[in-house]
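Student: Read off the chains here:
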Amino acid sequence: MPSRTHTSPLPVVLCLLAMQLFCGALANAGALEVTLVDKAGKPVADAVVEIVSPVVPLPANVPLTASMDQIDKEFVNPLLLVVVGTRVSFPNKDNIHHHVYSFSEAKTFELPLWTGNNTKSVLLDKPGVVVVGCNVHDWMQGHIYVAATQRMAKSDARGKLLIPNLPAGGYAFRIWHARLKASDISKLHNVVIEDRGNTAYPATLELGRDRRIRRAPSGLARDY
Amino acid sequence: MRRGAWQFASFRGRLLVFVLVPMLAVLAGVFFSVERSTSANTRTVINDSLLVGRDTLQRLLAERRDTLLASSALLTADFAFRTAYATENYATRLDTAQNYLRRVGIADAMIIVSPDGIVEVDTLHPGRQGVSFAWPELLDAADQSESYTASSVVLIDDDAYQLSVTPFLAPDLKAWIVVGRRLDDAFVRELKRLVRAEVSVVRRTAGKATVLASSLDATHRAALARSAANADASRPAAGTRGAAGTGLLELEGAAYVTLQEPLLQLEGSGEVSTVLQRSLDQALAPYRPLNQRLLLLFMLGVLVAGVIALWLAQNLSQPVAALAKRVERIARGDYAQVMSSTRRDELGQLAGSVNDMARGLADRERVRDLLGKVVSKEIASELLSGKVELGGEERQVTVLFSDIRNFTTLCEQLPATQIVGLLNRYLSRMSEVIESQGGVVDKYIGDAVMALFGAPVARADAATAAVRAAIAMQEALDELHALHDAEQLPRLATGIGVHTGTVVAGNLGSTHRMNYTVIGDAVNLASRLQGLTREHDSAIIVSAATAAAAPGFAYRPLGEVRVKGKSELIVIYGL
Numbered sequence: 001m002p003s004r005t006h007t008s009p010l011p012v013v014l015c016l017l018a019m020q021l022f023c024g025a026l027a028n029a030g031a032l033e034v035t036l037v038d039k040a041g042k043p044v045a046d047a048v049v050e051i052v053s054p055v056v057p058l059p060a061n062v063p064l065t066a067s068m069d070q071i072d073k074e075f076v077n078p079l080l081l082v083v084v085g086t087r088v089s090f091p092n093k094d095n096i097h098h099h100v101y102s103f104s105e106a107k108t109f110e111l112p113l114w115t116g117n118n119t120k121s122v123l124l125d126k127p128g129v130v131v132v133g134c135n136v137h138d139w140m141q142g143h144i145y146v147a148a149t150q151r152m153a154k155s156d157a158r159g160k161l162l163i164p165n166l167p168a169g170g171y172a173f174r175i176w177h178a179r180l181k182a183s184d185i186s187k188l189h190n191v192v193i194e195d196r197g198n199t200a201y202p203a204t205l206e207l208g209r210d211r212r213i214r215r216a217p218s219g220l221a222r223d224y
Numbered sequence: 225m226r227r228g229a230w231q232f233a234s235f236r237g238r239l240l241v242f243v244l245v246p247m248l249a250v251l252a253g254v255f256f257s258v259e260r261s262t263s264a265n266t267r268t269v270i271n272d273s274l275l276v277g278r279d280t281l282q283r284l285l286a287e288r289r290d291t292l293l294a295s296s297a298l299l300t301a302d303f304a305f306r307t308a309y310a311t312e313n314y315a316t317r318l319d320t321a322q323n324y325l326r327r328v329g330i331a332d333a334m335i336i337v338s339p340d341g342i343v344e345v346d347t348l349h350p351g352r353q354g355v356s357f358a359w360p361e362l363l364d365a366a367d368q369s370e371s372y373t374a375s376s377v378v379l380i381d382d383d384a385y386q387l388s389v390t391p392f393l394a395p396d397l398k399a400w401i402v403v404g405r406r407l408d409d410a411f412v413r414e415l416k417r418l419v420r421a422e423v424s425v426v427r428r429t430a431g432k433a434t435v436l437a438s439s440l441d442a443t444h445r446a447a448l449a450r451s452a453a454n455a456d457a458s459r460p461a462a463g464t465r466g467a468a469g470t471g472l473l474e475l476e477g478a479a480y481v482t483l484q485e486p487l488l489q490l491e492g493s494g495e496v497s498t499v500l501q502r503s504l505d506q507a508l509a510p511y512r513p514l515n516q517r518l519l520l521l522f523m524l525g526v527l528v529a530g531v532i533a534l535w536l537a538q539n540l541s542q543p544v545a546a547l548a549k550r551v552e553r554i555a556r557g558d559y560a561q562v563m564s565s566t567r568r569d570e571l572g573q574l575a576g577s578v579n580d581m582a583r584g585l586a587d588r589e590r591v592r593d594l595l596g597k598v599v600s601k602e603i604a605s606e607l608l609s610g611k612v613e614l615g616g617e618e619r620q621v622t623v624l625f626s627d628i629r630n631f632t633t634l635c636e637q638l639p640a641t642q643i644v645g646l647l648n649r650y651l652s653r654m655s656e657v658i659e660s661q662g663g664v665v666d667k668y669i670g671d672a673v674m675a676l677f678g679a680p681v682a683r684a685d686a687a688t689a690a691v692r693a694a695i696a697m698q699e700a701l702d703e704l705h706a707l708h709d710a711e712q713l714p715r716l717a718t719g720i721g722v723h724t725g726t727v728v729a730g731n732l733g734s735t736h737r738m739n740y741t742v743i744g745d746a747v748n749l750a751s752r753l754q755g756l757t758r759e760h761d762s763a764i765i766v767s768a769a770t771a772a773a774a775p776g777f778a779y780r781p782l783g784e785v786r787v788k789g790k791s792e793l794i795v796i797y798g799l
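Protein sequence lines, in the order shown, are assigned to chains A and B.
When we follow my numbering, the leftmost residue of the first sequence carries the number 1, and every step to the right adds one.
When we follow my numbering, the leftmost residue of the second sequence carries the number 225, and every step to the right adds one.
Chain A on its own, in the form it takes in the complex:
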């Protein structure tokens, strides 16, 4: 926060203006700051927290398109957070064919071998996690988190995530991670958000193994 005792008039004015704008739009709002570590105390990145209660309708201005690129036989953004109703496209930036598919409950689809920009996009119309793979390249794995609301965020490399603009009050949220057990994923976390400032919520996650086929250097030998 900028200091009120700042002597320079322009920054102070700008700052006050900004505060005015912010507080005026979301009066008495706080934020949820979740810090995730694993059993070993290491920060857990790419975990998703979604507030499931109370539910607020999606605002009209939410963007409903997204893309998951493939470059050098990898998904560029392997964890994509979207809201229900988003159309996701899978542009292929490689000069070889890919075969993107998913057998997930939230969405089962298949985009058989193609190159370049695929005009066909996939409409994700159910909340849940869509695990995306490539039938040609077994190590390619992507997750599309389809949230019911916009109140969600994914943790950064420090294991931290912030969900802003939460009016003070009680909330329930879920934590998702690709290596988290199903029972842990379905677990509800309750928190009371203060009317100002960030409400910290530290959590320790018990992660399972990273079950994925490792990319073989030569692409020939099996990895054992």
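Just so you know, the hints here were simulated from the structure itself, not pulled from any lab data.
Just so you know, not all the hints are guaranteed correct.
To be verified - Pairs of lysine-lysine residues, derived as DSSO-like cross-links and limited to a Cα-Cα distance of at most 27 Å, are as follows: (1) Lys39(A) to Lys398(B); (2) Lys154(A) to Lys181(A); (3) Lys187(A) to Lys398(B); (4) Lys398(B) to Lys181(A); (5) Lys126(A) to Lys154(A); (6) Lys398(B) to Lys154(A); (7) Lys398(B) to Lys107(A).
To be verified - Here chain A is said to cover these stretches of chain B; the calculated rule only asks that three of the stretch's residues, wherever they fall, bring their Cβ under 8 Å from a Cβ of chain A: (8) 294-306; (9) 393-401.
Quantities reported herein were computed from a predicted structural model and do not represent experimental measurements.
Every residue, glycine too, gets a C-beta built ideally from N, C-alpha and C.
We have chain A; now place chain B onto it with these hints.
Tutor: Relative to chain A, chain B alone:
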């Protein structure tokens, strides 16, 4: 003779024993050490081959595991399979699994297990689903392993299966694909072809053993099951434990070197293991002709040695026995010369020595005979004993003198030759009587005989013997009378004087010619007493000294006489 025969046999036997026993011991030692070392060597070779077999078994299992894993990895990467699985339709999933088995042709079973360990499809038990997978530790092992795979041998419905687990990632974990291959007769046959040993898969639980698969025939399978059931609970079918984990196991009377490799530890004390076996008898078979040849050679050697020993014994004992007989004959006084042996060895020398000895003995005997004729036997033996030296000693002896009366007149009446014959017969007869009474004829003096009693061999009853000899001489003379009467010869009359006293006895004469005799007063007195017989009309006159020394005879006192050359009077007795 019998004793000699026994000795002969004993010598031959002893030689046989001395030659054959050490030889047999050495040969037996050689034979058994050869046998032992070939046996031990064969054991080592079999052991090594079984250890190679064990490695081959591990290798084969690893290869089969890799094949199973590779094929199931390909399967799970197949989009058709992924799609079919995604239908979540049981019949479709089962059909897909069965199709897979048909296509790869190397697997006997497929079980699809959900990530939380619930069986979704089981080709061995179609219709069975929703139950917990029986080997969750296998899934855990796969989950924990670097390669996401695991493999193990398990028992399914009394069959041993090699199971391999791969994850079904699409792209996240959808299921575990468990593919199994039965360790059946085809498997053990393949292993047998590779390792050239009998292979069996045996399951053993407390006191009970089952052969799940085997390259053995039915009878040997049953025998293996029985012996495995009886074997030590912790190590079934191992038999006696040998080096490097192998043991000897007897099946249907044949020994097998056995190596057991555990495949699976069952709950409790049971286990499933692979048993590798090689027949010891079969492996030893190439050595059998060698052993037989060796045995034959040894027997031949023993035979030859025995024959040689017998020949040696014969060769030695025959001349020894002949010599023994010869010596025996010599002992009996038969000195007849025998052709000396042609041998040049020690036995030949011995035979020569025996010949020399016989010759020497014969010579001595001749000397003794001659001597005996010249002097008395006792003096002769005293002389022959080698203690011939001049000198004498004082001895108490009884001297007997006998003389023919009127011999000079007789000589005038008869021709000289007749006199010699008559005299010789008379002297011979008298000498016999004297010697039979233990007396010694000291010398003949013309027709007179001088005899000694108590010399050279001292005797306590010398006087008695002398008196007895005197009486016997008279009786012998009576016998001679009859002969003389028949030959119309005049009868002989004799006088005998006997006296007992001290004399000097010994070898008297010169160093070249000596005589054993006695000298002294006693000799003279006996001669004088003989001279007195005619005037006292008594055939025998003894002195008082003799009568005192030889009591018990009917002595007639003849009074006292003064003898020529003697001062005192002598009391004499007639007989």
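Student: Compare the structure with each hint and give your call.
Tutor: We went through each hint and held it up to the structure:
Straight-line distance between C-alpha atoms of Lys39(A) and Lys398(B) comes to about 25 Å, which keeps the hinted pair within the 27 Å bound. For the given pair, Lys154(A) sits about 17 Å from Lys181(A) by alpha-carbon distance, which is consistent with the 27 Å threshold. Proposed proximity of Lys187(A) and Lys398(B) is supported: the alpha carbons are some 22 Å apart, at most 27 Å. Simply put, Lys398(B) and Lys181(A) have alpha-carbon atoms about 14 Å apart, close enough for the 27 Å limit, and the pair holds.
A distance of roughly 19 Å separates the Cα atoms of Lys126(A) and Lys154(A); the hinted pair therefore holds under the 27 Å criterion. Pair hint Lys398(B) plus Lys154(A) holds up; C-alpha atoms about 25 Å apart against a cutoff of 27 Å. Distance check on the hinted pair: Lys398(B) and Lys107(A) sit about 15 Å apart at the alpha-carbon level, within 27 Å; holds. Judged by the Cβ-Cβ criterion of 8 Å, the region 294-306 of chain B is covered by chain A as claimed, because 5 of its residues qualify and three suffice.
As drawn, the region 393-401 of chain B meets chain A at 6 residues by the rule of a beta-carbon pair under 8 Å; at three or more, the given contact holds.
Of the numbered hints listed earlier, not one is contradicted by the structure.
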